[in-house]
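Enquirer: Sequence:
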Amino acid sequence: MTEQGMAEQAKRGRGRTVARRWWPLAAAVPLGAVVGAGYAVLAPAVYTANSYVVVVPTNGGEAGLAVNFAQAYGRLAAQPQVLAMAAPDAGRTGAELANQVAGTTSPDAPVIEIAGSGGQPDAAVKAADAVAKALVSFANTSSKETGVKLVPLAAAADPDKPTTPSKQLDVAVGGAAGVLVGALAMMARRKGTGDADAAPVPTGGPAVVGPAAGPVAAVPTPSREKPESVGSPK
1 MTEQGMAEQA
11 KRGRGRTVAR
21 RWWPLAAAVP
31 LGAVVGAGYA
41 VLAPAVYTAN
51 SYVVVVPTNG
61 GEAGLAVNFA
71 QAYGRLAAQP
81 QVLAMAAPDA
91 GRTGAELANQ
101 VAGTTSPDAP
111 VIEIAGSGGQ
121 PDAAVKAADA
131 VAKALVSFAN
141 TSSKETGVKL
151 VPLAAAADPD
161 KPTTPSKQLD
171 VAVGGAAGVL
181 VGALAMMARR
191 KGTGDADAAP
201 VPTGGPAVVG
211 PAAGPVAAVP
221 TPSREKPESV
231 GSPK
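Take the sequence shown: its position 93, counting from 1, is numbered 93 in UniProt numbering, and each next residue is one higher.
Since the hints were derived computationally from the structure, they do not count as laboratory data.
This list has only true hints and no planted wrong ones.
Below, in silico cross-link-like pairs of lysine-lysine (DSSO-like), each with a Cα-Cα straight-line distance of 30 Å or less:
| id | residue 1 | residue 2 |
| --- | --- | --- |
| 1 | 126 | 161 |
| 2 | 149 | 126 |
| 3 | 126 | 167 |
Remember, it's a predicted structure, so these values are computed and weren't measured experimentally.
Model the full structure from these sequences, guided by the hints.
Expert: Here is the structure:
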């Protein structure tokens, strides 16, 4: 075989090795992207509209007071007492509105944003405007005690496109999920391969037979008899 043929064979071998190692990831990423695209096509559309309310002092109070009350009233926008007042104008029950509206505030401005959602643009607009109107009425009943009042700032506008699903976002999320699943599959395969390739540890086997131990020869002990004493000459 020529050197060129050997090089091509080695290149094909490396390609097969890479394919065997990385195929879970290569298959999972496009599969996840396809699942995300399918969700974007099949999921129902949800539209979101925003209505704005501003808090103003009634007697020329400090601006910080209005900001503090805006924070408080923003948390009350989705409370049952406000939603019950908004339900007739929104054409939904208070329980339904609880899952479809939310109030957010700014830390440095006395503005409350009411976000309403629905399956159609007009439904989202009605939810946002109804809750904003109900919040103004609820808060202004205690204006004398609080020293502030709520004033409508901007009505909700018809959204031109749904908030969810988003095709680009859903495809990206699906691809990211595919990366995670593929990586986990690769780790599992590597662990299994490592366990299979590990050398078996012998747990038992024939005993190694050594030379038989014969009787130990007795070692003579030196005599401890006292030597005869030499008598003195008579």
